[in-house]
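> Chains as they are written, first to last, in the numbering used here: chain D, 1 to 240; chain C, 1 to 237; chain B, 1 to 234.
Treat the hints with care, since some could be wrong.
One side of the interface only, derived from the structure: several residues of chain C facing chain B at Cβ under 7 Å [what the hints assert, rightly or not]:
id : residue
1  : Val71
2  : Phe75
3  : Phe78
4  : Val82
5  : Lys169
6  : Ser172
7  : Gly196
8  : Leu208
9  : Leu212
Calculated cross-link-like contacts (lysine-lysine; reagent style DSBU-like; alpha-carbon spacing at most 35 Å) [to be verified]:
id : chain 1 : residue 1 : chain 2 : residue 2
10 : C       : Lys49     : D       : Lys76
11 : D       : Lys76     : D       : Lys18
12 : D       : Lys45     : D       : Lys64
13 : D       : Lys18     : C       : Lys49
14 : C       : Lys49     : D       : Lys45
15 : D       : Lys64     : C       : Lys26
Since the hints were made in silico from the structure, they are not lab data. Quick reminder that beta carbons are idealized off the backbone N, C-alpha and C, glycines included.
Here are the chains, one letter per residue:
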Amino acid sequence: MVQLEEVWKAYDSNPVLKGVNFHVQRGEVVALCGPSGSGKSTLLKCINGLEIVDRGTVTVNGVKRSFSRFGTLDPKVGMVFQSFNLFPHLNILQNLMIGPRLVLHASRTDAAERAMALLKRVGIIEKAHDYPETLSGGQQQRVAIARALCMGPEVMLFDEPTSALDPEMINEVLDVMRDLANDGMTMVAVTHEMGFAREVADRIVFMDAGQIVESADPESFFLNPQEERTRQFISKIIKH
Amino acid sequence: MTGFDLGALDRTAYVLILQGLLMTCKLAAASLFWAALVGVIVGTIRWSKLPAISQLCLAYIELARNTPPLVQILFWYFSASVVLPEWAFMRLRNAGYEFSAAVVALSLYHGAFIAEVFRAGLNAIGRGQYDAARALGMNFWQMMTRIVTPQVGRLIAPPMVNEAVALVKSTSLALAIGVAELTYEYKQIDNFMFRGVEALVVVTALYLVLCLILSQLGRLLSNRLAARHTAIIEVTA
Amino acid sequence: MDWARVWTGRNWERLLVGNLFTNGEVGGLLLTMEIGLLAIILSTVLGALLGILRHSRRRLLWVPAAAYIETLRNIPLLILVFWAYFVPPYFGVQTSKFGSVLGALTLFTAAYIAEVVRGGLLAVPPGVVDAGRALGLSRSQNQLRVVLPIAFFNMIPALSGRYVVAIKNTSLAFLIGLSDLTEVGKEISNVLMTSPVEVYVTLMLIYFSVNTLISHAMRLIETRRRFGRIFVRL
């Protein structure tokens with residue numbers, strides 16, 4: 001479904017991704033973790049084209065992608081951001097409808113129906129005509145997920161979706177993500193929520209300093225880590 | 001001189017003043033339009049940091065902002081025939097040469113300031129908005145018109161209004177090349193009717209009123225933009 | 001384009017110092033800088049005073065300041081110059097071209113600087129003032145050692161901008177016949193007749209250089225923190 005081969009990327013002269021090979025099967029849920037600066041967010045953005053690789057190939061759904069700074073991105077790859085990034089000048093319903101209307105050329109009624117259905121699914125239908133600033137962080141992030149889902153994506157990318165949330169709101173977002181996974185969505189999530197990763201992910205990938213260090217199913221990853229760096233990382237986070 | 005007497009300004013004087021006022025408004029409106037156009041385009045280019053062309057824009061902005069507008073007006077009036085290609089020069093000539101030269105000069109001068117204001121506005125909207133719009137698959141044009149402009153408009157309204165008022169005041173410099181705007185007419189009245197002080201009072205009052213009205217309109221606009229989250233897109237059922 | 005015709009020794013002399021060496025009349029860039037620097041200094045003092053008045057909460061103080069600022073900011077500088085030059089003679093007062101331009105430019109620029117000063121004062125975070133009081137500083141100590149330095153550094157970029165504008169505005173002297181840089185340029189252009197581009201480009205280059213120097217100097221003051229030491233000698 002998603003294949004990154006020998007991907008290299010540098011910011012100015014700092015290498016951020018060093019020869020990364022990353023594959024995701026259809027319907028797989030991958031949790032991406034690692035220390036900050038390890039390149040996980042950059043890797044994610046290379047998949048949908050918000051970042052352009054210097055070397056290597058990016059293939060999504062069988063099609064090799066070549067992105068340009070000003071070209072349009074594939075709406076079939078959905079993205080949810082750490083800081084939600086809802087459009088403040090539109091109400092919730094409009095936030096959800098703008099993508100389908102402008103990019104997918106959906107009709108007004110179709111887009112509205114779909115938007116309302118998704119709002120119901122993530123549990124915020126009563127806020128449809130409110131503006132983002134009146135919603136809590138958890139609610140905004142659920143709206144953001146719904147907005148991405150409105151495009152009918154085949155892959156969903158999550159860039160630290162709960163890192164900016166107060167603790168009591170994290171679960172409502174993780175619940176939505178869990179539902180999504182159970183419905184068979186292909187997902188790649190950069191996250192620090194290890195409990196979620198262990199429960200929901202099919203595979204956990206650990207990155208450090210621009211390279212993938214280890215990739216394994218949750219059981220093996222936590223109980224039997226192969227690499228030393230992985231062991232160190234796990235020991236630091238499990239203490240919580 | 002015989003004592004200050006507003007009544008001494010006869011009909012001819014007032015006609016001249018009115019003509020001058022009209023010309024000032026024409027000049028200001030035309031220059032503002034072109035300045036805004038230039039400013040938005042150049043500002044967007046500078047924000048995008050495209051190599052080569054954005055450096056060119058920087059050079060233009062620095063040159064226009066650091067040289068006196070009067071000198072720029074004189075430059076375009078006297079040098080246009082040398083600097084511009086034949087067809088452009090002919091078009092300017094046909095539209096009334098002094099007027100066109102003044103419009104070109106003022107547009108380029110204030111356009112540089114507007115460009116910087118616009119660039120600051122584009123930067124002030126968090127990077128996340130652009131990412132979110134692109135992630136949904138929007139193209140550059142859609143993103144700029146539906147997502148960026150509504151948010152930018154709110155931010156840049158106050159400095160834009162300031163720039164507009166400054167532009168109205170700059171029009172007074174056009175008398176140097178013979179454009180019959182308000183200040184020029186004052187000089188005419190002073191030279192030929194010797195009622196300089198009265199005329200100056202009237203002209204000053206007119207400028208004050210004009211600029212204050214413009215500022216007030218601008219403030220109204222800013223308030224309206226800030227209060228309502230106006231959605232430009234009719235997407236709701 | 002014939003640069004050699006324009007860039008003669010005699011022309012450059014006139015552009016830079018006017019007729020200083022021929023008949024003692026200052027002109028050109030020298031005159032421009034004279035007017036400009038004097039206006040900058042005088043308007044900064046006047047503007048600071050006005051800004052502080054404007055910032056005050058007593059109506060007796062801020063209302064007249066606001067009236068002055070609003071009036072001066074909504075009329076063209078040229079009109080102000082005409083007021084200064086053409087009106088006093090009607091009342092029997094003699095005016096000089098230099099004096100009128102300087103006076104008008106000072107009054108005009110002071111109105112803008114007043115706003116900059118007010119902005120700088122407003123931008124001092126109130127928490128900082130509280131912290132100073134909490135430490136036991138007296139009101140005057142707080143104003144002098146805490147508020148003023150912060151406000152000052154806030155203002156420098158905006159001040160720099162207004163100073164550059166002041167130098168540019170000196171070119172209006174040309175319109176009442178004063179031999180500033182622009183006037184000299186126009187004279188040269190009239191004499192030569194066929195090289196306006198070179199002359200005006202030269203004028204622009206000179207103004208550009210001067211203004212860039214000023215901007216850089218101001219930026220140095222802003223970034224070199226050691227200038228802050230003049231406020232805090234403990």
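> Does each hint fit the structure? Answer for all of them.
Each hint, compared with the structure:
1. Val71: holds, 5 Å
2. Phe75: holds, 4 Å
3. Phe78: holds, 4 Å
4. Val82: holds, 5 Å
5. Lys169: At 4 Å from the nearest chain B Cβ, C:Lys169 passes the 7 Å test, so the hint holds.
6. Ser172: With Cβ-Cβ at 4 Å, under 7 Å, it holds.
7. Gly196: holds, 6 Å
8. Leu208: Given a least distance of 5 Å, the restraint on C:Leu208 holds.
9. Leu212: At 6 Å from the nearest chain B Cβ, C:Leu212 passes the 7 Å test, so the hint holds.
10. C:Lys49 - D:Lys76: Between C:Lys49 and D:Lys76 the Cα gap is close to 29 Å, so the pair holds against 35 Å.
11. D:Lys76 - D:Lys18: Distance of about 27 Å is within 35 Å: holds.
12. D:Lys45 - D:Lys64: holds, 16 Å
13. D:Lys18 - C:Lys49: Holds, because 26 Å separates the two Cα atoms, which is no more than 35 Å.
14. C:Lys49 - D:Lys45: Status holds; Cα separation ~20 Å.
15. D:Lys64 - C:Lys26: Violated: D:Lys64 and C:Lys26 sit about 56 Å apart, past 35 Å.
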